[in-house]
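S.K.: From first to last, the protein sequence lines are chains A and B. Following numbering that gives the first Met the number 0, the numbering of the first sequence begins with 0 at its first residue and continues without gaps. Following numbering that gives the first Met the number 0, the numbering of the second sequence begins with 0 at its first residue and continues without gaps.
Keep in mind that the hints are not guaranteed to be accurate.
[As the list claims (entries may be wrong)] Short derived list, chain A residues pointing at chain B, Cβ under 10 Å:
{"no.": "1", "residue": "Met0"}
{"no.": "2", "residue": "Thr2"}
{"no.": "3", "residue": "Asp102"}
{"no.": "4", "residue": "Val106"}
{"no.": "5", "residue": "Ala172"}
{"no.": "6", "residue": "Ser257"}
{"no.": "7", "residue": "Trp326"}
{"no.": "8", "residue": "Ala330"}
{"no.": "9", "residue": "Gly334"}
{"no.": "10", "residue": "Trp367"}
{"no.": "11", "residue": "Gly372"}
In short, the hints are calculated from the structure, not lab data. Note that beta-carbon positions come from the ideal geometry of N, C-alpha and C, so glycine has one too.
Number of protein chains: 2
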Amino acid sequence: MDTPCLLLDEPRMTRNLARLRARLDALGVALRPHLKTAKSVDVARRMMPTPAGPATVSTLKEAEHFAAHGVTDIVYAVGIEPGKFARVAALLERGVELAVVLDSVEVARALSAFAAARGVRAPVLLEIDTDGHRSGLAPGAPELLDVARALTATPAGGATPRGVLTHAGESYACRGVAELEAMAEQERAGAVQAATRLRAAGVEAPVVSVGSTPTAHFARALDGVTEVRAGVHVFFDLVMAGLGVCAVDDIALSVCTSVIGHQAARGWLLVDAGWMALSRDRGTAAQPVDQGYGLVCDAGGRVLPDLIVRGANQEHGIIARRDGAPWDMAAFPAGTRLRILPNHACATAAAHDAYHVLDARGDVVARWERINGW
Amino acid sequence: MDTPCLLLDEPRMTRNLARLRARLDALGVALRPHLKTAKSVDVARRMMPTPAGPATVSTLKEAEHFAAHGVTDIVYAVGIEPGKFARVAALLERGVELAVVLDSVEVARALSAFAAARGVRAPVLLEIDTDGHRSGLAPGAPELLDVARALTATPAGGATPRGVLTHAGESYACRGVAELEAMAEQERAGAVQAATRLRAAGVEAPVVSVGSTPTAHFARALDGVTEVRAGVHVFFDLVMAGLGVCAVDDIALSVCTSVIGHQAARGWLLVDAGWMALSRDRGTAAQPVDQGYGLVCDAGGRVLPDLIVRGANQEHGIIARRDGAPWDMAAFPAGTRLRILPNHACATAAAHDAYHVLDARGDVVARWERINGW
Chain A
0 MDTPCLLLDE PRMTRNLARL RARLDALGVA LRPHLKTAKS VDVARRMMPT PAGPATVSTL
60 KEAEHFAAHG VTDIVYAVGI EPGKFARVAA LLERGVELAV VLDSVEVARA LSAFAAARGV
120 RAPVLLEIDT DGHRSGLAPG APELLDVARA LTATPAGGAT PRGVLTHAGE SYACRGVAEL
180 EAMAEQERAG AVQAATRLRA AGVEAPVVSV GSTPTAHFAR ALDGVTEVRA GVHVFFDLVM
240 AGLGVCAVDD IALSVCTSVI GHQAARGWLL VDAGWMALSR DRGTAAQPVD QGYGLVCDAG
300 GRVLPDLIVR GANQEHGIIA RRDGAPWDMA AFPAGTRLRI LPNHACATAA AHDAYHVLDA
360 RGDVVARWER INGW
Chain B
0 MDTPCLLLDE PRMTRNLARL RARLDALGVA LRPHLKTAKS VDVARRMMPT PAGPATVSTL
60 KEAEHFAAHG VTDIVYAVGI EPGKFARVAA LLERGVELAV VLDSVEVARA LSAFAAARGV
120 RAPVLLEIDT DGHRSGLAPG APELLDVARA LTATPAGGAT PRGVLTHAGE SYACRGVAEL
180 EAMAEQERAG AVQAATRLRA AGVEAPVVSV GSTPTAHFAR ALDGVTEVRA GVHVFFDLVM
240 AGLGVCAVDD IALSVCTSVI GHQAARGWLL VDAGWMALSR DRGTAAQPVD QGYGLVCDAG
300 GRVLPDLIVR GANQEHGIIA RRDGAPWDMA AFPAGTRLRI LPNHACATAA AHDAYHVLDA
360 RGDVVARWER INGW
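Input sequences plus hints: build the corresponding full structure.
M.R.: Okay, here's the thing in structure tokens:
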């Protein structure tokens, strides 16, 4: 294999998927996996309960790609805007049950009018903001009912309220189990509150969709929730390990790299994985253990806990000890293969066009393509 | 056009290219443009003096791609390692003059032996470290001559010393014209010193290659230098503007995005360009003016100087005022198109598979494909 390239440890992935499935089964809630992390049909089929879904996507290109591969039950979990209505309608007309997300009267009216004119029924989830992370209406916001009514104001066809969706993105900033559990409960309670308000006003709201990988793993109860969305659990990463959601040895994704040089006096080992291969994501910088641009492993995947990628240029990674001290690099001549565990699996995977899939012996047994773009 | 997508203002690009060409012409030095920023044949042909080059690349995939499009004079400016020798040899055998870079006796010996066994002549530039940025030998390092001798130790064919190469990457940390000029002189002097030492020892060193976009624009003299490498000057970006290398209005690259929502109470405008479209690069964070994840312009490219992308999730950008205060968003309903100027053109361009090329009127007149990967 040419380096840098992306490795996927399939046994770890399988274990990670089984773990979340068992948790959600115990809580009696369905999983709607988010396909934005992997963006691969081969991975998606292992994440989804059935080949037809359900699934979550972050772009319409993902929706179109997975629909072309037989996925018919999709939530596009980023707020819709009028410039994207035509692509949504095209998927609906092909028989894909594609639910979109919105949080304003303005967009609800526009979508209703568009869908009615086009003669399609567009399922809609109202976005709820349960943690101040980014978009959505507060669970108790008066506008919630206005938005729901705007959806149904157009009589024929048009947009159809299907319930609520929230994402507790602030869970990434939690510290410790108690905070994660509290955030999961806050996410659940807010979504259920919003759905309850809709139902009390006569609006159908069969779907109560919550999710982030941390809250999915720490929710103690999900009463009233109908589905959980999570994505990064398939691979995990150093941010998730830093949060305590997984162990470092659960991380299924790594970048294979080659040593290209040494600056022994500075304690730097140079490798051919720079930020182009690792991504610029520095998600662990805000955590108790800063892993630089990634944690270094030997070619077999054994963690070398003292070594991190302390700097990254476009095609150069600089590996150094955490304490910056010089060290003996004799065991790492030019050409030595290493693996780098990523801060953020979504960002690192996006830098590559395929996964090199490893079996339990560490042999490459498959190449799985992935997509990017919009 | 679907959003997010990448826009390239061709008149600005043309002006940027003419500016550096005029500078280097005045200094009597050739340009060997770095194609890693654009990774596009269409852009490369506008950057290079001739369709055959010269050119600089950061990956062997770039070398192979541009060679397939007629470029025959290439420097691969990232340290070579044995795992890549076969691909280098394949290009040499196709008649591409591909120079590689190294800085150790270990790699020099390995390359010599490989090239001799394969029966190819491999041109080599010795990497010089003029600023402590990453790889290379100090200009006065005794090992420099050892590496040169290791290259020629194998009698038949093998590796051929062609001179020296340095990159003053620390120029990105300079503040003000005086520091930039001093860094350019340090880069020049170090490279010339190394070449002079080689020649005094009887090693041929016709090439003295220096370069970074900041030093290329601030060098007052380039005596002894035979070529300058620069890449980001083709587009420029906010980091370059922050350094004073260009004006904000010189930046030729932007991401077109659509408004998808509002959090008026927090002063947040949500757009569909997150870090997947903008990159995670926060290069301006260390500069006097932190531009967040990018500076916001209207659809026509006019800068809205109070607005930056203050946060980015995978597919969500959060636009806010620099001071965080609420503001009137009435002029920005959902679906409004905006443009985001990037921190780092290399990183943002890499997030996209094509440039939508704008003429002087702002009309899209072409789509230029680009590549990624290794």
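S.K.: Against this structure, judge whether each hint is valid.
M.R.: Here is what the structure says about each hint:
| no. | hint | result |
| --- | --- | --- |
| 1 | Met0 | 9 Å, holds |
| 2 | Thr2 | 6 Å, holds |
| 3 | Asp102 | 6 Å, holds |
| 4 | Val106 | 5 Å, holds |
| 5 | Ala172 | 12 Å, violated |
| 6 | Ser257 | 5 Å, holds |
| 7 | Trp326 | 17 Å, violated |
| 8 | Ala330 | 13 Å, violated |
| 9 | Gly334 | 4 Å, holds |
| 10 | Trp367 | 15 Å, violated |
| 11 | Gly372 | 6 Å, holds |
When each numbered hint is compared with the structure, violations occur for hints 5, 7, 8 and 10.
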